[in-house]
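**Q** Going down the list, the protein sequences come from chains D and E. Heads up, the first sequence is in the numbering used here, so the first residue is 1 and it goes up one at a time. Heads up, the second sequence is in the numbering used here, so the first residue is 1 and it goes up one at a time.
No lab work stands behind these hints: they were computed from the structure. Backbone N, C-alpha and C fix where the C-beta goes; we use that ideal spot for every residue, glycine too. Hints should not be assumed to be uniformly reliable.
Selected chain D positions facing chain E (in silico; Cβ < 8 angstroms) [said to hold, decoys possible]:
(1) ASP58
(2) ALA59
(3) ILE61
(4) LEU62
(5) LYS64
(6) ALA67
(7) GLY131
(8) ASN138
(9) GLY142
(10) CYS143
(11) LEU200
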Amino acid sequence: MCVHCGCSGESHTTLLNLATGEAFAMSHAHEHEHVHADGTRHAHHDHAPTGQNVETIDARILAKNDAIAATNRAWFEGREILALNLVSSPGAGKTTLLERTIRDFHKERGICVIEGDQATSRDGERIRAAGATAVQVNTGTGCHLEADMVARGLKLLKPGFGTLLMIENVGNLVCPAMFDLGEHAKIVILSVTEGEDKPLKYPHMFRAAALMILNKIDLLPHVDFDVAAAVANARQVNPNIGLLQLSAKTGAGLETWYAWLRNSASSCNLSV
Amino acid sequence: MHEFGITTRIVAIVTKAAHGRRIETVTLEVGALAGVMGDAITFCFDALTQETALAGVRLEIVEIPGLARCIHCDALFNAATLLAACLCGSRQLSWVSGQELNIKSLTYLEMV
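Whole structure, please, built from the sequences with the hints as guidance.
**A** So, in structure tokens, the structure goes:
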């Protein structure tokens with residue numbers, strides 16, 4: 001690593017030429033010159049740290065998010081709300097699974113939904129049409145939900161005691177893994193129209209999830225998806241991950257999902 | 001691109017901690033398994049601080065290597081990725097280090 005600016009050297013971005021097998025670490029592209037607030041301009045290597053004037057602050061960068069997430073978690077616990085954070089790549093079937101779950105499970109337990117998307121309220125409207133109260137969070141340029149968005153959503157939703165709160169995150173297998181929302185568990189949805197190697201390519205997400213739902217299993221006869229390999233890959237990243245297989249479209253396997261919900265709700269001291 | 005949001009937090013924390021003093025260097029600790037790219041933070045930091053009091057401040061990123069303890073046999077070993085396994089074959093690991101995302105210290109141009 002460049003000791004002056006902290007860039008490159010041990011960069012994690014690598015390029016691999018698949019024809020030749022050559023691997024390259026990407027070098028940094030930004031200028032090594034900068035302008036100070038007083039207008040002086042020079043290469044920042046010109047002034048090495050003196051070792052003096054150093055103040056140790058040991059500040060956790062995500063402390064604010066984590067503090068709000070802890071508040072959310074306490075809020076859920078006090079109301080015996082089971083909060084689940086649904087994550088997947090775009091198009092894996094999060095909203096369809098929620099629509100079906102609302103139709104089948106809503107009589108058993110009230111369901112509220114916080115919908116996260118970069119833009120539009122399409123998913124929120126689908127959830128409302130299915131019969132649940134919903135808040136749509138549009139993150140604009142943001143690629144994930146953060147704990148304060150959920151806190152604000154809760155103020156609008158006002159979920160009642162013992163509610164099942166579904167948080168549908170922005171479709172993205174990278175960034176949502178890092179942000180605690182105060183949820184009881186992250187649930188990652190993988191559809192059989194994706195590759196079975198997704199858990200290996202996005203290990204942070206599959207590591208963070210308590211449950212993997214394999215969706216669209218009705219399409220298995222038509223696609224080259226190796227279920228056993230997908231499960232093995234997920235377990236390689238996270239030996240403790242739970243697994244369900246279902247089709248939100250046909251309803252196959254949904255009873256196992258509802259049983260999982262009942263079991264998780266009872267662990268939140270909910271009477272089901 | 002969660003590094004942009006993370007860098008926004010860095011700028012906010014540093015600005016508050018500095019109390020108007022001129023900063024030369026911000027030293028970050030970033031775990032090798034934290035899911036954050038140091039280069040992307042540097043890029044965002046440069047972009048976010050243009051024409052602010054933090055313009056030109058140098059970011060020093062200290063990478064903290066991944067260290068895991070095997071829950072099965074208690075071995076302690078370096079884990080370069082989340083796909084690491086213990087020599088005993090177990091993947092039941094507790095992570096000792098490598099998940100850090102901290103602002104370690106600030107170096108000022110004037111005496112503190």
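**Q** Next, verify each hint and record whether it holds.
**A** Taking the hints in turn, this is what the structure says about them:
no., hint, result
1, ASP58, "holds (6 angstroms)"
2, ALA59, "holds (4 angstroms)"
3, ILE61, "holds (5 angstroms)"
4, LEU62, "holds (6 angstroms)"
5, LYS64, "holds (7 angstroms)"
6, ALA67, "violated (12 angstroms)"
7, GLY131, "violated (33 angstroms)"
8, ASN138, "violated (15 angstroms)"
9, GLY142, "holds (7 angstroms)"
10, CYS143, "holds (6 angstroms)"
11, LEU200, "holds (7 angstroms)"
Hint compliance for this structure: hints 6, 7, 8 are broken, all remaining hints hold.
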